[in-house]
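Okay, here's what each chain looks like letter by letter:
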Amino acid sequence: MSRYGMVIDIDRCNGCGACMVACAAENNVPPAHRDATERTGVTWMRVYRVENGAAYPANRARFLPVMCQQCGDTPCAAVCPQQAVERDPKTGIIDQVPQRCLGCRYCMAACPYHARYFNWWDPVWPAGMEKTLNPAVAPRMRGVVEKCNFCHARYQAARAEAAAAGKKAGKIGYTPACAEACPVEAISFGDLDDPDSAVAGGAASPDSFRLLERLNTQSKVYYRSREPWVRQMAGSRLVQIRKEKARV
Amino acid sequence: MNLGRRRWLGLAAGAAAGTLFTPAPWKLIGDSALWSQNWSRIPKLPTGEFNVKYGVCTLCPAGCGIKARCAGDQVFGLTGVPGHPISRGKLCPLGVGAHQLPYHPHRFAGSVARQADGRYLPAELERVAATLRARIASRKSGEAVAVLDERPGRAISYQYRRFTGGLEDGLYLVPPAGEGATLAALSAQSERGASFGFRIGEARAAVSFGAPLLDGWGVPAEVNEARYRSQRPLRIIQAETRQSPTASLADVWLPIRPASETALALAIAHVLIRDGRAPAAVIERMSDGAEYRELVMRYSPEQASRECNIPAAAIEQAARMLADNTPAVAIGGGDAGGGPAGAGAETAIASLNMLLGAMGTVIVGKHELPVPDSWSSPPLSPERRIDSDVPDGSISMLILGDSPSGDALPWPLIERKLAPDHVIVSLSPYAETAARRAHFVIPAPAFMESFEESPGSAVSANPSWAIAQPLVRAPSLAVHPLTFLARLGAAESSIEDLLRQRLEELHKLGKGEIFTPAGTRPIGEFKDAKELWTAMTGGGVWTDSPVLEAARPRRFGVREIASAPARTGRAEFPIMLLPYARRGEAGTTALPPLMSKVYQESRLRLSAPLLRVHPATAAASGVADGASVRVEMRGEGYAGNIAVDASVMPGVIEAPAGPMAALCVNEDCSWRVSPARIKRIS
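Protein chains in written order, with my numbering: chain A, 1 to 248; chain B, 1 to 682.
Keep in mind the hints are simulated off the structure, nothing from the lab. From a predicted model like this one, the values you see are computed outputs, not experimental measurements. Wrong hints could be hidden among the right ones.
[Said to hold, decoys possible] Straight-line C-alpha distance at most 30 Å; calculated DSS-like pairs for lysine-lysine:
no. : chain 1 : residue 1 : chain 2 : residue 2
1   : A       : Lys131    : B       : Lys67
2   : A       : Lys167    : B       : Lys53
3   : B       : Lys67     : A       : Lys168
4   : B       : Lys44     : A       : Lys131
5   : B       : Lys527    : A       : Lys131
6   : B       : Lys67     : A       : Lys167
7   : B       : Lys527    : A       : Lys171
8   : B       : Lys53     : B       : Lys27
9   : B       : Lys53     : B       : Lys527
10  : B       : Lys679    : B       : Lys53
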């Protein structure tokens, strides 16, 4: 049994967006529909530019990658009428089952992190580009909700590889696409229950925190920053930030 | 129980009403909608056995290693190569999505000619070549035929040089120095032919004048390794008007006024010399040491504080931080959109390095990669820069090369060099930026479709060279630049032959080592060039140690520093326009469609027409948030929408120079800061 989690070092992230592109390429998220906006586009992982709110030149900014926080106590699963949100007991990963999804979007309303996305359009790639899709991940159809699942297909592939190599079922090591792509190694991934893992150490460090911790969702995505204003913002102002960005 | 008609109807009605409160009917409706709407839209996934191929990314000069995940022969994902000496297993967002580029919707399907109304019509290669040959033969004396190569130093670059060398008035042009501007200034201050590179890992501190050190500059993995090492991490002072990602993450951000880099560099030098923290022997050794000292002494921190609009104490503190953390380095060059700060400012920045102990430690000599003798024998055009070495209005035929640098190449800069009756030929595979201005387009194979090479970063002193093998079959109508040159009368060869010739030279040299995903071996262990070819085309990269002993600069360049033009607002253009971009996004290449995630769908990066201004600037210009405006400069301008943002410096416009953005070029061929004004579009 594992409890996969992530630690993201905000003081390293330069907002390049490699994680977002890698995530979309890995999980067959299509390029934006021509009418898609920041509110209606699908990005399992989204990097926000957050600021301390001061005027020039006292302003300071950081970049905050936000994806499904893989809550231990999942508000989305509790409201889904279709049992379309599943928790894998072996890994703790919360997955979305598009075949079951009704498209009611209750889960989107319930998610305090705005980390779920609705497919407003059919998934379409420019002519010929379907050949570049990842064969290990099925594209989702219009009318369903989708979200980050810690690259569950990579976990399945790693598990199959371990089984083929005759290894005993147990801890499977793999890396999601975003962590693999991050050029500054701001994202680390692993088993939070393994005291020797980098993520367990990172999550336990004094400068680590979780988004909207007061909601007690027991999320498995931890962040790190030495800047007090970043920690304060992450605790209370996340929703406001999203609204401000939507306005831009 | 008696089930009469009334009861049965009641039961049926109750069951129907109850069913409405279950998910079943809604699911049925939803699924019916999905099946009926999507049945023809189900994406077809690639099939075939999973395998992995290795190569090198050629989208920018860094030369990152790529691991292509394939289903059969089809590439479906790119990741970094673990342990790669250049990229350390990482890629930028362009590289991560680059496997989409061969299928880009803006790709040319074959050779085309642009019509008077702007439409492209298919044109046969032979007919285009015949037209161009006739133009070359009939041009007037003094009118040049030029090739603009954004990625010099490649095998194909030598073929361009031999083609133009064989013509009377042939010119081989390279773009402005870009992120290597500081090194170019140092070369100009040194003995003829000296070339330099950075070993950023050797620095303990860096002062960057707008260079995006933490955001894709040079070889990003080298910078990140220095910045995040556990022992003595690289400390960064970012002097930049805009709060760029590097400014956000730097140890110190100096939010200087636009175009005040020269004053800041001289003020830092002032503090170093005044406090005895600069080596006196270095100043004595320079031919203009006395003049430099005199110039620097005029720029006290207080004086510079007025020009830069930052406290004098901040300048003193920055200078002390650099002096306490030697060897330190000063880096200019700017980002991919804004470009260098101008020759005078770059010389002032370059000269600072001589006081910071960077020369011979952080800034060392740069290798010239070996080439076969036959390539460098006459006829061979010398390398000339389009911004400084070519008279205006002198080019009658311009051939825009096949590979982008990733940096902005402002169209006004090119346009001013063209003769009135000119012809432009583009070899770009994509209908983007400069290619849209071309009269003829002969599209080269796209990324991953032919043999390419990466001769290493222009700014890193650590030499490297890699070959990218084709991973995707090129369409039949793509024309390799060598084929095009052959049609114009240059010698015919294949790129594979040329690369093999170059590899033989490298093998003969016998220096350095070869990294492959299987391990690293000294080049001497490869018994012949054939074995080396196998390793290099399997994701190999050649690396060597840098040249530590190199020519030293002989002068500070006081004349260039003093002649730097002041860039202040004027009555008619009171605002300063600051274009910016990340590497690869302001150049002449196409962006993978998945970049919509960072532009359109998240607004992580602002798109080109969004102009950020301070509330005070917006009020002074009479515009509000979201207003449609036209930014006017001297004879130039472009339309955009205002985004009012209190984190922007008052009096400036921050303009993302994203894909297709227009840039204004000043008289000194710089475009980092341009005087402008905002006009509301009613």
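Outcome of the hint check:
1. For the hint linking Lys131/A to Lys67/B, the alpha-carbon distance of about 17 Å falls within 30 Å, and the restraint holds.
2. With a C-alpha separation of about 26 Å, the suggested pairing of Lys167/A with Lys53/B holds against the 30 Å cut-off.
3. For a cut-off of 30 Å, the pair hint linking Lys67/B to Lys168/A stands: about 29 Å separates their Cα positions.
4. Pair hint Lys44/B plus Lys131/A holds up; C-alpha atoms about 7 Å apart against a cutoff of 30 Å.
5. Restraint check for Lys527/B and Lys131/A: the C-alpha separation of about 40 Å exceeds 30 Å, so the hint is violated.
6. Pair hint Lys67/B plus Lys167/A holds up; C-alpha atoms about 26 Å apart against a cutoff of 30 Å.
7. Note on Lys527/B and Lys171/A: the hinted pairing is violated, with a Cα-Cα distance of about 44 Å set against a maximum of 30 Å.
8. A distance of roughly 43 Å separates the Cα atoms of Lys53/B and Lys27/B; the hinted pair therefore is violated under the 30 Å criterion.
9. Between Lys53/B and Lys527/B the CA atoms are separated by roughly 24 Å; this keeps the pair inside 30 Å, and the hint holds.
10. Only pairs whose Cα atoms come within 30 Å are accepted, and Lys679/B paired with Lys53/B is rejected, the gap being roughly 53 Å.
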